[in-house]
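Protein chains in written order, with my numbering: chain A, 146 to 259; chain B, 397 to 814.
I should point out that these hints are in silico values taken from the structure, not numbers from a laboratory. Just so you know, these numbers come straight off a predicted model, no measurement behind them. All clues stand as given, with none of them false.
With a straight-line Cα cutoff of 27 Å, these simulated DSS-like cross-link-like pairs (lysine-lysine) come out:
(1) B:Lys-575 - A:Lys-188
(2) B:Lys-504 - B:Lys-484
(3) A:Lys-148 - B:Lys-814
(4) B:Lys-626 - B:Lys-552
(5) B:Lys-704 - B:Lys-783
(6) B:Lys-783 - B:Lys-762
(7) A:Lys-200 - B:Lys-476
(8) B:Lys-814 - A:Lys-174
(9) A:Lys-148 - B:Lys-584
(10) B:Lys-484 - B:Lys-671
(11) B:Lys-778 - B:Lys-704
(12) B:Lys-551 - A:Lys-200
(13) B:Lys-814 - B:Lys-584
(14) B:Lys-551 - A:Lys-215
(15) A:Lys-174 - B:Lys-780
(16) A:Lys-148 - B:Lys-575
(17) B:Lys-575 - B:Lys-551
(18) A:Lys-227 - B:Lys-552
(19) B:Lys-762 - A:Lys-174
(20) B:Lys-551 - A:Lys-196
(21) A:Lys-216 - B:Lys-575
(22) B:Lys-551 - A:Lys-227
(23) B:Lys-762 - A:Lys-148
(24) B:Lys-551 - A:Lys-216
(25) A:Lys-256 - B:Lys-497
(26) A:Lys-215 - B:Lys-552
(27) B:Lys-783 - A:Lys-174
(28) A:Lys-215 - B:Lys-575
(29) A:Lys-196 - B:Lys-575
(30) B:Lys-476 - A:Lys-196
(31) B:Lys-575 - A:Lys-227
(32) B:Lys-704 - A:Lys-256
(33) A:Lys-174 - B:Lys-792
(34) A:Lys-200 - B:Lys-497
(35) A:Lys-256 - B:Lys-476
(36) B:Lys-803 - B:Lys-722
(37) B:Lys-778 - B:Lys-762
(38) B:Lys-783 - A:Lys-148
(39) B:Lys-669 - B:Lys-762
(40) A:Lys-196 - B:Lys-552
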Amino acid sequence: MTKTMTCVRCPIGCQLMIHDNEITGNRCKRGYEYARQELSCPKRLVTTTIKTTSKVNPRLPVKTDDMIEKKYVFDVILEARKLTVSPPVNIGDILIENLFKTGVNLVSTKKIDE
Amino acid sequence: MIYDVCVIGGGAAGIASAKNSYEEGLKIRLIERNNELGGILNQCIHSGFGIHHYIAELTGPEYADRIQNELFDEIEVSLKTSVIKLEKQNNLFCLTLSSEKEGIYTIKSRAVIISTGSYERTRSQIELPGKRLKGIFTAGSAQRYMNQLGYMVGKKVVILGSGDIGLIMARRMTLEGAKVQAVIELMKHSNGLTRNIVSCLEDFDIPLYLSHTITDVIGDTCLKAVEVSKVDEHLKPLEEGKFRIECDTLLLSVGLIPEISLLDDFNLDKDKKTKSVLVNQTYQTSVDGLFVCGNSLQIHDLVDFVSKEAEIAGRSARNYVLNNEKHPRDEQDVLFDEHLSYVVPQQIDFSILKDDFEVSFRVKEKYEEINVFVYQEDKQIKNKRIKFALPSEMEKITIEQGSLSSKASIKIMVEVIK
Numbered sequence: 146m147t148k149t150m151t152c153v154r155c156p157i158g159c160q161l162m163i164h165d166n167e168i169t170g171n172r173c174k175r176g177y178e179y180a181r182q183e184l185s186c187p188k189r190l191v192t193t194t195i196k197t198t199s200k201v202n203p204r205l206p207v208k209t210d211d212m213i214e215k216k217y218v219f220d221v222i223l224e225a226r227k228l229t230v231s232p233p234v235n236i237g238d239i240l241i242e243n244l245f246k247t248g249v250n251l252v253s254t255k256k257i258d259e
Numbered sequence: 397m398i399y400d401v402c403v404i405g406g407g408a409a410g411i412a413s414a415k416n417s418y419e420e421g422l423k424i425r426l427i428e429r430n431n432e433l434g435g436i437l438n439q440c441i442h443s444g445f446g447i448h449h450y451i452a453e454l455t456g457p458e459y460a461d462r463i464q465n466e467l468f469d470e471i472e473v474s475l476k477t478s479v480i481k482l483e484k485q486n487n488l489f490c491l492t493l494s495s496e497k498e499g500i501y502t503i504k505s506r507a508v509i510i511s512t513g514s515y516e517r518t519r520s521q522i523e524l525p526g527k528r529l530k531g532i533f534t535a536g537s538a539q540r541y542m543n544q545l546g547y548m549v550g551k552k553v554v555i556l557g558s559g560d561i562g563l564i565m566a567r568r569m570t571l572e573g574a575k576v577q578a579v580i581e582l583m584k585h586s587n588g589l590t591r592n593i594v595s596c597l598e599d600f601d602i603p604l605y606l607s608h609t610i611t612d613v614i615g616d617t618c619l620k621a622v623e624v625s626k627v628d629e630h631l632k633p634l635e636e637g638k639f640r641i642e643c644d645t646l647l648l649s650v651g652l653i654p655e656i657s658l659l660d661d662f663n664l665d666k667d668k669k670t671k672s673v674l675v676n677q678t679y680q681t682s683v684d685g686l687f688v689c690g691n692s693l694q695i696h697d698l699v700d701f702v703s704k705e706a707e708i709a710g711r712s713a714r715n716y717v718l719n720n721e722k723h724p725r726d727e728q729d730v731l732f733d734e735h736l737s738y739v740v741p742q743q744i745d746f747s748i749l750k751d752d753f754e755v756s757f758r759v760k761e762k763y764e765e766i767n768v769f770v771y772q773e774d775k776q777i778k779n780k781r782i783k784f785a786l787p788s789e790m791e792k793i794t795i796e797q798g799s800l801s802s803k804a805s806i807k808i809m810v811e812v813i814k
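Please build the complete structure, drawing on both the sequences and the hints.
Dropping the structure here:
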């Protein structure tokens, strides 16, 4: 069976064709690597917000500090929903360590003082 | 007290232009109506900012933080302050400011940079038919409600328009547990960046209906469904094949328009396509000392390009103040052929042409490969090959100052290869 996907490593957006593990349609090495990653273990960066006790900033934006396996994306959102933080919080502060034993942390992407 | 440069709007453009207009001894003031700097970046919690500018993939709030940290302490920042009137009297700008703390007062400035961003096209501007039901939002408002205030705006969502904010919101709402039923796009191509189509729609199996539009909204007081119709090549909805999609929320992602209402009284000529004023290569308008940059000049796809444009506007304003650059202008139009929808800057002022400069443009249609030529009086002065030119992605071409051999207008021509 032939599968198609669009490479998103640069704005060109090559249409990649995958047939029997053979990747065609890529114009550069990055397209090949993208398809390999997508086929073997797709990963995503997850961003969401968590609740705070602050009146000025009721939500704190957060992200995973590295790409995490795609199968965990919705679980990251659910874990983040359980948290409430109080200021002060700095950019990069770890809010959840080692999500699902992947080594990836959930970190703050905003500084809130009050 | 008279300021040298006042920057109106403290988003990405305002911060970069304030920073670059500063030089020891100059009085710079950056005015922001919100309680923090950063503008729209603060609600764009997703990642993908700064790839060009910082060679790093940052989220919106992180990009906002970085650029703020680069601001000099000498620049006076006024938060929670709106500029409600801008006038020019005897070579000085007069700004009327309004703030809760200080009331209404005026300040004077030698130069002004407008970096007020843009506003979202609303339902009435696209003549969306039907009743005024609850549950219809612009995508950016919904983004603010969700990401900054923490309100979920709906559970079953249809998005009209495939602009980037709509695509980003499709993913955001899906992640938070909503069912995004469809994205409906009038044109036969998407208006968003390819990477957003893939990572926001295809990743979650959200259908994209190209050449379709919404012809009715259904419900009593709250939205219950939308009626979707295919459109013909003239973008007219077709009677046959109409269908309904159930939803409680409709998000509109149908374009941004530069916010330049502060300039209304100046009665400046406008560019029909960008819907902003005309500028020369220093981003100066036809009013001496008045500069415009960022989304209030032209709608950008990437904040990186906003920062770059604003740096030039900032430096231009500084040069204007330092050199007291009131001079007879020697301006010529930047002309372009039918393949392009607009160019910015629209003019070149040869009397102050000291540096190379960039011309931004968009193609009208999707091309696999084009050759862009710049001519001055039948002489080709620049050539750039572009692969995959899309209307949704702004392109740029650098014009080297040394390549201009006269003070005649330049023309940008496109040869379609395939």
